[in-house]
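Required output: the full structure, derived from the provided sequences and hints.
Each chain, letter by letter, is given below.
Protein chains: 2
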Amino acid sequence: MEIQVMEDILGRNDQLASENQMLFAKRGVFVLNLMGSPGSGKTSLLEKTMAALKDNLRMAVIEGDLFTSKDADRIAKYDVPVIQINTSGGCHLDAAMVQKVLQELDLENLDLLVVENVGNLVCPAEFNVGEDVKAVVLSITEGDDKPLKYPLIFKESAIAVLNKVDLLPYTNFDMAAAKKDITSIHPAISVLEVSCTSSTGVEAWYDWLKEKVAAKKMAVNAHG
Amino acid sequence: MEIQVMEDILGRNDQLASENQMLFAKRGVFVLNLMGSPGSGKTSLLEKTMAALKDNLRMAVIEGDLFTSKDADRIAKYDVPVIQINTSGGCHLDAAMVQKVLQELDLENLDLLVVENVGNLVCPAEFNVGEDVKAVVLSITEGDDKPLKYPLIFKESAIAVLNKVDLLPYTNFDMAAAKKDITSIHPAISVLEVSCTSSTGVEAWYDWLKEKVAAKKMAVNAHG
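Chains as they are written, first to last, in my numbering: chain W, -1 to 222; chain Y, -1 to 222.
No wet-lab data here; the hints were simulated from the structure.
Bear in mind that the values here come from a model prediction, so they are computed numbers and not experimental data.
Some hints here could point you the wrong way.
It does not matter which identical chain is meant; a pair holds if it fits inside one copy or across any two.
[As the list claims (entries may be wrong)] Here are the simulated lysine-lysine pairs, BS3-like style, with alpha carbons at most 30 Å apart:
#1 Lys24 x Lys98
#2 Lys178 x Lys46
#3 Lys210 x Lys24
#4 Lys177 x Lys75
#5 Lys147 x Lys68
#6 Lys52 x Lys68
#7 Lys24 x Lys153
#8 Lys147 x Lys46
#9 Lys178 x Lys68
#10 Lys75 x Lys215
#11 Lys147 x Lys75
#12 Lys178 x Lys98
#13 Lys24 x Lys215
#14 Lys177 x Lys46
#15 Lys98 x Lys147
#16 Lys178 x Lys75
#17 Lys52 x Lys147
#18 Lys177 x Lys153
#19 Lys52 x Lys215
#20 Lys75 x Lys98
Here it is, written out as structure tokens:
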């Protein structure tokens, strides 16, 4: 019976996610649903990205958090429009929460919208918010066993950012094993080694993002 | 309406948790609900604890995981009874899941039962499983902003283990600020600085556990 309730919730969410997706498609906005554990470095990656790309891409951010606006405050420093969604304890964002705040964004003049989800390696992967792709950030300090333990989020994500690689020398993280597990779960996934502290690999991340944004624009122009 | 469903689920869970708790009380077993993000070091802390205390305490472990038995396999090496619960994607353990496996444990001959929850800093804090106390493990690599961002789990926990302090020199984690935030959320909480890699602080953790187990035994004997 509880499963029935869950299916109803997911079905309704998919409906609203489709509505969001159609709106984004009409405006040619590429939307990224950014997920990962608490402290994996999602906001740090976004900060780097804002600083590096804000002159090339018109960006906005929706920040999901249980109660605070700590991450939104960090993003706002980069002069990028940011909207805070507080889930009041809810463990993930859903399509309805995102839909509610979309009117506050100037979608017409936007290239990239990043939705930073609540820090959680489980629930966010189950709920589409209307994004083009999902991305998962995994800190190497979390351990190389995490892909097999939390497979859904890697299966759902188009890219996995293995973050904090500057700490590799001080941990027993097996990079080859982690990559093998991630690609066994999802053969088509992109995997990047990144450190927001040392800036290792961030260029590859920017390139990946810029390509995705450009591809979305082309697809929209082709249909429009 | 969704909130109503949530309240029903929580109400039913509390009922089953009480049943578990009465059973544990009758047998004099101290039960710890061990929570924390993926990769915070819950299983590593348990491994240290098994190795150090298994000659003094009769222990058993219930391992919660989405799909795998990776953590149970690690615990089983210490010759401690371990039961795996796979939640099939569910983001936390609940009282019903724990109740179902209790018959497989020899509660009569047990001092300490540790329930290692699914790696998640949000949902596990909302569901009692019948434990005496909850404990939260936070890796310092997750960042010092996490207590204020995930307050419920710190409010619900009797002890916060700040793990991986061997990595402090390589991060910008502010220990004083983190402790201040944790105790502002929950003034009576115990806070320990621990490293399972360097064994810093593990003795204080063992002492805390041993005291709790002894207190439970005394309380049960006083009532028996």
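Open item on the list: Please list, smallest to largest, the hint numbers that this structure does not respect.
Closed with: 12
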